[in-house]
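Engineer: Given next are the chains, with one letter for each unit.
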Amino acid sequence: MPFKSINDIIVKQDFFSPGHGLCAGCGAAQIARIVMKVVGKDSIIINSTGCLEVSTTTYPWTAWKVPYIHVAFENAAAVASGIRSAYDALIMKKKLNKDVNVVVLAGDGGTADIGLQALSGAFERGDRITYICYDNEAYMNTGIQRSGATPYGAWTTTSPSGQRTFKKDLMGIAIAHRVKYAATASIAYLLDAANKVEKAISMNGPSFIHWLQPCTIGWRFDPKLTVKLSRLAVKTGLWPLYEYYDGAVKLTVQVPKRAPVLEYLKLQGRFRHIINNKNELVKIQSYADELAAKFGLGPVSE
Amino acid sequence: MPFKSINDIIVKQDFFSPGHGLCAGCGAAQIARIVMKVVGKDSIIINSTGCLEVSTTTYPWTAWKVPYIHVAFENAAAVASGIRSAYDALIMKKKLNKDVNVVVLAGDGGTADIGLQALSGAFERGDRITYICYDNEAYMNTGIQRSGATPYGAWTTTSPSGQRTFKKDLMGIAIAHRVKYAATASIAYLLDAANKVEKAISMNGPSFIHWLQPCTIGWRFDPKLTVKLSRLAVKTGLWPLYEYYDGAVKLTVQVPKRAPVLEYLKLQGRFRHIINNKNELVKIQSYADELAAKFGLGPVSE
Amino acid sequence: MQIIEPLTLSGNLAIAYAVKQLDVDVVAAYPITPQTTMVEKISEYISKGELKANLLLVESEHSAISACLSAAASGARVFTSSSSQGLLLMHEILFITSALRFPVVMAIANRAVSAPINIWNDHGDIMPQRDTGWIQLFVESAQEAYDKVIQAYRIAEDDKVRLPIMINIDGIVLSHTYEPVYPISDSDVASFSPWNLYSPRLDPDNPITIGAFCYPDYYFETRYQSLKALNDSLPIISNVDKEFGELSGRSYGIVSPFKCDDADIILISMGSISMTVRAAVKKLREKGEKVGMLSLKLFRPFPSKELIRYIKNAKAIGIIDRAFSPGAVAGPVFTEVTSALYLSKMDIPSVDFFLGLGGRDVKMEDIKDIFNILKRIVKTGLIERHSYYIGLRG
Amino acid sequence: MQIIEPLTLSGNLAIAYAVKQLDVDVVAAYPITPQTTMVEKISEYISKGELKANLLLVESEHSAISACLSAAASGARVFTSSSSQGLLLMHEILFITSALRFPVVMAIANRAVSAPINIWNDHGDIMPQRDTGWIQLFVESAQEAYDKVIQAYRIAEDDKVRLPIMINIDGIVLSHTYEPVYPISDSDVASFSPWNLYSPRLDPDNPITIGAFCYPDYYFETRYQSLKALNDSLPIISNVDKEFGELSGRSYGIVSPFKCDDADIILISMGSISMTVRAAVKKLREKGEKVGMLSLKLFRPFPSKELIRYIKNAKAIGIIDRAFSPGAVAGPVFTEVTSALYLSKMDIPSVDFFLGLGGRDVKMEDIKDIFNILKRIVKTGLIERHSYYIGLRG
Amino acid sequence: MCFGMIEIRWHGRGGQGAVTATELLAKAAIKQGLYAQAFAMFGPERRGSPVVAFNRIDKEPIEVRSHVYEPDVIIVLDPLIIKIIDVTAGLKPKGTLIINSKSSPKELSELFPNFRIAVVDATSIALQRLNVPITNTVMLGAFAKAKSVVDISNIEKVVLERFDQLNVEALREAFDKTIVLEV
Amino acid sequence: MCFGMIEIRWHGRGGQGAVTATELLAKAAIKQGLYAQAFAMFGPERRGSPVVAFNRIDKEPIEVRSHVYEPDVIIVLDPLIIKIIDVTAGLKPKGTLIINSKSSPKELSELFPNFRIAVVDATSIALQRLNVPITNTVMLGAFAKAKSVVDISNIEKVVLERFDQLNVEALREAFDKTIVLEV
Amino acid sequence: MKKLPKWNEMEEGFITRILSESINKTGTWRTFKPIIDQSRCTKCGWCIVYCPEPCIYYESKKDSKILIDYDFCKGCGICAEECPVKCINMVLEE
Amino acid sequence: MKKLPKWNEMEEGFITRILSESINKTGTWRTFKPIIDQSRCTKCGWCIVYCPEPCIYYESKKDSKILIDYDFCKGCGICAEECPVKCINMVLEE
Ligand SMILES: Cc1ncc(C[n+]2csc(CCOP(=O)(O)OP(=O)(O)O)c2C)c(N)n1
Ligand SMILES: Cc1ncc(C[n+]2csc(CCOP(=O)(O)OP(=O)(O)O)c2C)c(N)n1
Ligand code: SF4
Ligand code: SF4
Ligand code: SF4
Ligand code: SF4
Ligand code: SF4
Ligand code: SF4
Ligand SMILES: [Mg+2]
Ligand SMILES: [Mg+2]
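Chains as they are written, first to last, in the numbering used here: chain E, 1 to 302; chain Z, 303 to 604; chain R, 605 to 998; chain U, 999 to 1392; chain S, 1393 to 1575; chain W, 1576 to 1758; chain V, 1759 to 1852; chain P, 1853 to 1946.
Heads up, a few of these hints could be off.
Below 20 Å or equal to it, Euclidean Cα-Cα: the simulated EDC-like pairs (lysine to aspartate or glutamate) are [unchecked claim]:
1) Lys396/Z <-> Asp627/R
2) Lys283/E <-> Asp548/Z
3) Lys1549/S <-> Glu609/R
If you're looking for bench data, these hints aren't it; they were derived computationally from the structure.
Assemble the whole structure, with the sequences as input and the hints as a guide.
Structural biologist: Written as structure tokens, this is what we have:
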């Protein structure tokens, strides 16, 4: 646990530069920045196509102070494996001597949908990469279409009357692959998050972090609320903070008293059509309750 | 449980014809045949590229007495979803009136590797299809290369000194997707298997069956042993027979006394290089023991 | 035909509107700029009950086209749409769709391909699909896009054709430009392009096997069938366009020549750029210059004969290519056209003009520059270069 | 050069042997008939410690090429190989690899594409990749495959080139036929194609961003760079081949003419079939017939000038296409060659011959039939058809 | 009304509805029997970043598809934009510049001499009537006042179809309050 | 040894090693300074199904790549094959037919008149010496006896490289036991 | 040799309709042949359900004689191996 | 207008090396501007860690004055919202 106070984070050098083109208040920028502080200089970043990518690298400028590569939308994990494999081979053959952290930053679409297979391959081979999914729960770069990570009830342009299925359980899938390390993260719990990133890159095999990312445009909220929503997601139990390591799942942030999901939903335009719909609310509340039961969170207190 | 004795199976009509080109003793043929007996006439079969496909449909002949389609290697689930979607739409619009079972038969490569993503998509959408993976633990059609389902230690042409990772846990992945129904099957436990297929097609959403398929060529054993090996896989605990339904996992065939894994391994040429390797054997035995513990199987009795 | 007020629609929305009127059964698609608004609109139609269809929100374009193929194989009327990277990801299945002969209709908002990633228009995505065995149409406006989607189902589902069709609209330039679109009535659409439960299809009462393994004994023959079906579709495509003209007053031809009859110089183009070319020709004609243009509406099957009929008397021909085929003799359109000219024993000086790649704006001046180059060639009889890169800095 | 005994190798094994000698660092590949034995052999080399490399057993070809691209971007020497469906599945990433300018070397065991599925040889997989910006070589024998792999790294890694290369060997016909192969020594390989840690690459001490988003302001220019790099690679490819000839005694040229000088009739072909054509020419020459042939060794960049130099005096030209481009003027090779002829203001009667699709065996008689057709054309001056389907039943 | 083709460039920021404004204007023009185009420059930059969109309006079918380089009219949705972008770039001599601003026409005409200036405090109108600082429909009213090309009644109709009566009232207020200073 | 190009067709079943046999024969020929090809017809049918493979051997570089239509020699690895397949199809008049069979050369020559017949009970040799009914190396010995093209010593060498001494002994036994009946 | 169809004699779309059982007699692949000792056979049916071709049948209804269709039997030996009373013998095909 | 490079002036392979902070001043996107009331600021640093650009810094070392680089601040308001003592005001940009 190298990060004990936020000052430990502040003093770390920034490798993510201002002047990028992400929305004001974009949670993906916050994630990228913190990740970069933790992983540091000797890292190579792989980015799948998406908001983060198109808005941080616009020729002739880039917001990345470390080597960065974007190839396509669906292959971030394979690109990472290629780099891992190259560095391993070159070091083994003494053609190079310095190792790197191979770190993927990919959206939920690039992870849960079109990139899932490449990711599964990397997991299965045990490739030593850290894959971080910043999950804004839709295809934001293309204008808010639903993804496999879109939560139940959420409006998107392709779920105009609300998404009918529940979020794909990426952590469950990662754990089913017996990755070395997997964790959820939230920008509202920065120390927890930073320590998880630190742990992830130290693993001798694949690690995965699933990081909820409020998106002002897609979720339809005032940009200033990005952190607040990150916090509420945890407080409601909709986004439990836990980690998987050595075969065991452990809660890392307890929520003794959960907030009702409505508090989280009502701040977001994407749920506008359901915040007065009792049935829908009950459905989402019970989903949160199930998660709470599974991970050992406290009861709801209104 | 409509199948109470093997006679219940025998009396069902065959929709899989002799004259196909699969190897003598091929377990995939057994699986295909039993599946067809259970799902019956009003079914559409989708097959991914692989042994089963190339050897059962060789223009101008086909072994399939029901509508059958093969498109490519990696998209069986998507092809199935398209058919499901078409039938649903045509019935909804009263352009057709008879529904069908949409049943995929796909190899382990077509399921765990190159076809995993399409499958994940179908699971996530909740598409009402039955996806059956016949798992011979390698790419057999192309000459025995390792797949994500190749077990630890097994020789293949691309793991010449033995596979270094454990089998991808397809059931775990399916369950993480909250499919309606998922089950493992073995040709040696025919009633169990037939009833699982029957259940699977009755679901109102995606169902998945993972069916171990001994392959005489790839596993290197005398063809007459196909059923015996299927049985030993279960008896050793390496292939527990269980099902997942309504959120719960249930063992369907108990093994009060497990056989040591060596009994299973020693009959197969693909494990020849390790049957005298204590360390490797211990590794595989403990893997079986873990599975046994997880699913509640009995102890090993030598 | 009922007369209906014009709508103000972008190319994407015009297509979505046609899809609704065509009462499509299954739509499987994956979002990609600049195709997204098309599918979003269809999603809205379905959610409002204006279109009864299943929208299959697949996890990739590979699955989108796979599901369309099999839905069509089940007898449903299907639609999909894509662009750029998405279209490239479909590559493998495009060949299978045409060879298995299923009438999938796909609208493509043409966009440059990576690398580098660029979301604007050119034909870099569609040209590498020219071997896939699909019918490939190009349009110049939202109106034409609308009209062609309606025609497409009629063609694709024709028993003598049974082939998939791509309708290419220039991304952003057409997909996102709002302009007037005159629709025809729902009933006119239904009677012009009626749906029928075709066969053979995946039908338990009449079981067939689709996609069997093929020994060398049969491959050549079955591929030849598809080849021939595509070639033979040309007159059918042409007739459907004519019939549609009778119904709607709008028909486009498979090639659309303008002022070619007496032109010394003819410029050949595809897609929305043709409008600018046509306007340039008008202006130059006003100045008395004997120039003409021809808009290629159909790229597969390639209308060699029709094309040559109009250009054969020119003294110089310019061909616009909106995509590179690096290392080739020239661009894909140029290579095709000159090969056709060669076969017809023509010998007209021909020059390839690359422009408008990756969204580089094409201005009237660019077209005039092209005509000037061609004029110089006619005058001097000298071709300095076979390829010009109009607007390239350097 | 040390003199080494011939090995008996199939095309696949010859390539694997070269890959071992080239001390490749990363191999990422996915199995597909008829490429598999190549990767299996490499796997064996690695497992026996004869090659120190990482073998990345990816879950699809899409990932194979993606991993190769990024491994190359990290400075490693990489190899991959594929065929048919697998190659098509790489389509999207092929463009990116060439545009980002990474020297990936890929061997392709050419095979027919689905549908219907067929595992035998033709060029249906490679032709649709002709726009991807890769260097594309074709070979006639296991020996040539071996030699070309060694040359390929030298070319691809050349700072003036930095482009990926595809080496095409006819599936089954070359990939699985055992024949004599004369290797050069390990040290000769190392000195002919030495590995260097190139830059720019993904190096924390010198951070760069690869694959940025590109506005219309830059797209045309950067794509033009790749186009030009590919065109400019032609003399380098040619020189490397010559230098290799000095080392090994074997050089092939980028076009390989045979008896073209005084030939009335010339047949152009690519790949293993050229051997049969050459043998046919020998036989016909023995009978005094003025026939010749030319084997195209390089398809991208397309060697128009070199080609035309040899064929310009012919009275009739036949071109063999081993792939359809349905709906096109003719086959891909024919279209390219005739477009080049057109630009050179040639007017030689030219006919396209489709044969050997999906593994249909190509016999000496087929080639003789072709020459007979061409002879008739020379004699009568009459071209009845532009495309012949040799061996098609019907 | 007698005019040749009119080309319009809109300046706003991501999120302010410039693109919708052009669509509505085209719709209104087409309703009126004119020909029109509406399009924009799309890019990957996000909410808050400057956005440019275009209209063409003509009595004849429009055959040009290039960007607008020398507009007849420029409409600025956001008062801050004029500080950071050269909004009059390419504007035809004596062209019309329609600005959302609290400044007076005079002040603005000093800043942008040689152009017809039309000005309205659209942000205030929007905040007051719509409760959000989104000025796209409001500025359609200013346009109707500044250029007699598309009838305000047709603009009102399309705004009503898409939005609501409040927006119509806001645009009418803008129409009334827009002050035009001829060059 | 004086010969033109020799073309050989092998008949076996999936799993009997016909393809390996052709590879080894090519290797032996090449060792001897000859030119050779080895190839096969591959298909999706499986173990047990009939398999066909080919060799070409010549003193000159081989320029043909088509299948073999009129072989000089046919080698049959499996005694049952002759019942189900017309093994002599295309065999040149007076061509050599080398069969693994328990039947006598005479019986076989009645079945296949007009051909040189060579026969050996390869299955028995294989079962006895190698413990498996895989006859590919054994039949290489029969070939060496029946056609003086590739020295048995070279064949032995390549078999030893790939397999073991037992296989070499088996092929030598076959060489010794093969009976040739000239036509 | 069978005469192959011309291109215009084949159904378009590579549709396949002929059943393997009607033309592809895989019995020729067999090296060993299963022979049922009918006298010992209990008609339990295990050989039927396990035959991968499938090519074992009751002659008519359940409990009637067990028959093997040698036109298709590939001789895998599973029936013999799995027969509970071991009444099937695998004999070398002649 | 900036002069764009010719094709032969660009590095091959579309390599990007210029940092956004050196040329892309996103401060122009801002509608509201965060103003720190330095007197109430506790220098806790939460605004620093949460700024998504990032463009808030300690003037020198820890606990020194908190500065905002307005060249980049997009005015999201997160700093103001998350400041524990609410000493940042968002004011309309003029
Ligand atoms: C093969 C392919 N299909 C579609 C696209 C279009 N596309 C680019 S980014 C994107 C959505 C990205 O979603 P996500 O991964 O969730 O990242 P976000 O934009 O939400 O940050 C899509 C659909 C593409 N680039 N490539
Ligand atoms: C895109 C693509 N890549 C590779 C192949 C080659 N291929 C065909 S089947 C197969 C292996 C199939 O393995 P599996 O799914 O396990 O089925 P099995 O053959 O073992 O029954 C492979 C690699 C292909 N057809 N398509
Ligand atoms: S749309 Fe959402 S994810 Fe994309 S830049 Fe804006 S806030 Fe970030
Ligand atoms: S190789 Fe294995 S899976 Fe394939 S047909 Fe033979 S036994 Fe069956
Ligand atoms: S398994 Fe044996 S006993 Fe049972 S029916 Fe078959 S042959 Fe008879
Ligand atoms: S040997 Fe095998 S194929 Fe033959 S009948 Fe018995 S089980 Fe069936
Ligand atoms: S968060 Fe507030 S109190 Fe803390 S440093 Fe920032 S401005 Fe000061
Ligand atoms: S308003 Fe947003 S961008 Fe500006 S300093 Fe505060 S947190 Fe950073
Ligand atoms: Mg997202
Ligand atoms: Mg398998």
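Engineer: A separate judgement is required for each hint: does it hold in the structure or not?
Structural biologist: The hints, checked one at a time:
Between lysine 396/Z and aspartate 627/R the CA atoms are separated by roughly 13 Å; this keeps the pair inside 20 Å, and the hint holds. Restraint check: the Cα-Cα separation between lysine 283/E and aspartate 548/Z comes to about 17 Å, which is no more than 20 Å; the hinted pair holds. Proximity of lysine 1549/S to glutamate 609/R is assessed by CA-CA distance (about 15 Å); at most 20 Å being required, the pair is judged to hold.
Consistency with the previously given hints is maintained throughout, with no hint failing.
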